[in-house]
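Peer 1: Residues per chain, in single letters:
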Amino acid sequence: MQRAEEARSLPGVRMKIGLFIPCYIDAFYPNAGIATLELLEKLGQDVEYPMNQTCCGQPMANSGCNKDAAPAEALFVKNFAKYDVIVMPSGSCTHHVRDNFDAIEQTDEVRHVRENTFELVEFLHDVLKVEDFPWAEFPHKVGLHNSCGTLRALRTASMSELGEPFFSKPMDLLNKVKGISFATPKRPDECCGFGGTFSVTEEAVSAKMGTDKVRDHHQAGAEYIVSADTSCMMHQQGCAERAGVPIRFIHIAEILNGARE
Amino acid sequence: MKVKPVNHAKAAEAFIEDTAHMDFHDERLWDLRQKRDGQMHILPEWQELRARASAIKEHTLANLPEYLEQFEANAKKNGIHVHWAADGAEHNRIVGEILEKHGAKSLIKSKSMVTEECCMREYLEPRGVVVTETDLGERIQQLDNQMPSHIVVPAVHKLIPDVAKIFAEHYHTDPNDNSAQSLAWQQRLAARPVILSADAGMTGGNFVVAETGSFVVCTNEGNADLSATVPGLHIATIGIERLVPRMADMGVFIRMLSRSALGSPITQYTTHFRGPQKGSEMHVVLVDNGRSHRLGMEEFWTSLKCIRCGACMNTCPVYRRSGGLSYGAVYSGPIGAIIDPTFNERKYSTLPFASTMNGSCTNVCPVKINIHDQLYKWRRVLAEHHELPFVKREVMYMAGKLMGQPSLYRAAINGTEVALSTMPRFVLYNWLNPWGKHRELPHPVKQTFHGWYKQNRLKTKKKEGEGA
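Protein chains in written order, with my numbering: chain X, 237 to 497; chain G, 224 to 691.
Because the hints were derived from the structure by calculation, they are not lab data. This structure is a prediction, so every number in the text was calculated from the model and none was measured. We treat Cβ as the ideally placed atom computed from N, Cα and C, and that holds for glycine. Some hints here could point you the wrong way.
[Said to hold, decoys possible] Pair by pair, the computed Cβ-Cβ distance ranges are:
hint, chain 1, residue 1, chain 2, residue 2, range
1, X, PRO370, G, ILE489, 51 to 57 Å
2, G, LYS227, X, LYS422, 34 to 40 Å
3, G, TRP408, X, PRO375, 56 to 62 Å
4, X, SER417, G, ASP397, 49 to 55 Å
5, G, LYS624, X, LYS318, 20 to 26 Å
6, G, LYS227, X, ALA495, 46 to 52 Å
7, X, ARG423, G, GLU663, 19 to 25 Å
8, X, ASP320, G, GLU434, 55 to 61 Å
9, G, GLN678, X, LYS318, 20 to 26 Å
10, X, ARG496, G, GLN270, 41 to 47 Å
11, X, ARG496, G, ARG251, 41 to 47 Å
[To be verified] Pairs of lysine to any residue residues, derived as SDA-like cross-links and limited to a Cα-Cα distance of at most 25 Å, are as follows:
hint, chain 1, residue 1, chain 2, residue 2
12, G, LYS591, X, GLY399
13, G, LYS685, X, GLN281
14, G, LYS685, X, LEU279
15, X, LYS318, G, GLN628
16, G, LYS233, G, ARG569
17, X, LYS303, G, ILE636
18, G, LYS328, G, LEU366
19, G, LYS660, X, TYR260
20, X, LYS318, X, ASP282
21, G, LYS299, G, GLU313
22, G, LYS684, X, GLU274
23, G, LYS682, X, LEU279
24, G, LYS677, X, ASN315
25, G, LYS501, G, ILE418
Chain X on its own, in the form it takes in the complex (with noise of 0.2 Å):
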């Protein structure tokens, strides 16, 4: 993590933190918004939401249309330049601004943007390194859901396809909350089929994922999937309720920021 490094070498300096809130979470679940600035001011940090914040262009870009998301990326630059650092409640989002986020020209404003784009757990994770969310506690069971986005892009957890040695942000983050456990997906890093317009160009391949994803966490027993990422929990919720598979899901902010049910 190069950018988390720098970024945690200012000492002393206090970071004016811009709050991205993705059009998702803005329009169907503003409370994993809430909770993620309550719990980064709770963290002492400086945060303002930028009033006139649309989208990173993801959709469009993810599409094809790069050029279609021109307009969205040339917006987001302006209202996120000023900023120290921008952190968002989303892998996906993330993960645009910071490997994709080339439909503009590539001026030092949106090098700075670009650089210093967090999602909401690689920044408690790698720049607060928040030792304690004393005001926490979860007594359930719940099911992780890692995006593809956060996993193997931002790589915030190990992949099981590489082998590699056991690693989890989210869940290093969760370990600190009272009172949680963990349920064991039989496929834990597989693919839920949201996967922006996927979702509706491949309807029933997406919703099959989905309904396959819920059942596998339900069947491990979880009470609740837990998950950085909200458009994935979105299309997860749709499945759960169709189905009649009786499971609850919230965001990991919600959580962190002390969520009792």
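Given chain X, work out where chain G should sit, using these hints.
Peer 2: For chain G alone, coordinates are given in the frame of chain X:
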């Protein structure tokens, strides 16, 4: 007539509706992926092997003409006839001529994806050559008149009763035979006489070694060895990308191929062909068929590193749930989705979108092809070449505009909230809205994050500001 793009989504939907087949398919291939993981864990040097394999392949591809010529010279010294085929048509003509010269009317062959690419059976059969696939899975597919659905296990989408039915029809066996062993035995009984009386045999080739002028064929059933040795005329059809410089390189690839493919340490048969037996003839047809063109594609040339192990297919959650035939192409799954568009951009324009881009394929690939990055790049190329469906293009254009304008965007978000809370169910869940076909929509909320922030943070801050 305009070529129609393959409708992967529709074919996949049909595959999924047949639950018994789909679940078996998913479990069977996931099992191969797990066996592959098991083999990987046994070898601590696995990642080093991947890096080495990738480097050897990249080096070879970067110097392909030299190595091809080296192979040709050495193979000729070994007594092998070497032919060059620019495309499928030329390949078929060459094979046809060799057979004609020998008066060969029956050809037995083991599985070769290149001959599928060239549609060789379709060319030879009207010319009076009876072509018989000798590998079990491939023979099942031939009898059922289907393409292989997987490059290693071609009939993996079929269940035992399907095979029993096909064999009953063609071999007059018991249609209710429910034993895999017994069905395999029936195939053996049917195949052996054909093999023993065949005029010519054909194999593919997994690796071609430049320094020795030899080639290597890896199989599990051993039919390739029968095809190569019994008739006395052996034709090997091999893609030009199968080259490696040295025999020592086999030490890397043989260790990886079967481990990646089936999770077994090595194939049952690994045969090095170095020249014809006494009194027989050996031919190698080196096939280009679009490969040099691909080699010139800056973003996609590394797809030529592929050693056809199928690991990307076994791990792909989309492939496992849609079946190989849904890709409508010789090569299916993730590797197919990045290779097929080089054969026909329009026809296979949908395939790079038949992926969630989860990246598992890239991680299992023994030669480190960045498959999911190439899928992403293909999407861009296809959009630039106007190969996206009209609606998708328009939606993305509109979405792009919307996302650049905060006030318009805000109005749209507020609209979603109202729509979800007030619209009757039949409006939200209908055929126009694919999301809702097998899934519920997200629940409406009272307030967006944006609204909450305005009320709970901006107003407070404003008050604090006023107080100061």
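Peer 1: All the hints need checking, so say for each whether the structure fits it.
Peer 2: To see whether the hints hold, each was checked on the structure:
no.: 1; hint: PRO370(X) / ILE489(G): 51 to 57 Å; verdict: 55 Å, holds
no.: 2; hint: LYS227(G) / LYS422(X): 34 to 40 Å; verdict: 39 Å, holds
no.: 3; hint: TRP408(G) / PRO375(X): 56 to 62 Å; verdict: 58 Å, holds
no.: 4; hint: SER417(X) / ASP397(G): 49 to 55 Å; verdict: 53 Å, holds
no.: 5; hint: LYS624(G) / LYS318(X): 20 to 26 Å; verdict: 25 Å, holds
no.: 6; hint: LYS227(G) / ALA495(X): 46 to 52 Å; verdict: 50 Å, holds
no.: 7; hint: ARG423(X) / GLU663(G): 19 to 25 Å; verdict: 23 Å, holds
no.: 8; hint: ASP320(X) / GLU434(G): 55 to 61 Å; verdict: 57 Å, holds
no.: 9; hint: GLN678(G) / LYS318(X): 20 to 26 Å; verdict: 24 Å, holds
no.: 10; hint: ARG496(X) / GLN270(G): 41 to 47 Å; verdict: 44 Å, holds
no.: 11; hint: ARG496(X) / ARG251(G): 41 to 47 Å; verdict: 44 Å, holds
no.: 12; hint: LYS591(G) / GLY399(X); verdict: 15 Å, holds
no.: 13; hint: LYS685(G) / GLN281(X); verdict: 19 Å, holds
no.: 14; hint: LYS685(G) / LEU279(X); verdict: 23 Å, holds
no.: 15; hint: LYS318(X) / GLN628(G); verdict: 19 Å, holds
no.: 16; hint: LYS233(G) / ARG569(G); verdict: 17 Å, holds
no.: 17; hint: LYS303(X) / ILE636(G); verdict: 23 Å, holds
no.: 18; hint: LYS328(G) / LEU366(G); verdict: 19 Å, holds
no.: 19; hint: LYS660(G) / TYR260(X); verdict: 20 Å, holds
no.: 20; hint: LYS318(X) / ASP282(X); verdict: 13 Å, holds
no.: 21; hint: LYS299(G) / GLU313(G); verdict: 21 Å, holds
no.: 22; hint: LYS684(G) / GLU274(X); verdict: 15 Å, holds
no.: 23; hint: LYS682(G) / LEU279(X); verdict: 22 Å, holds
no.: 24; hint: LYS677(G) / ASN315(X); verdict: 16 Å, holds
no.: 25; hint: LYS501(G) / ILE418(G); verdict: 19 Å, holds
When each numbered hint is compared with the structure, no violation occurs for any of them.
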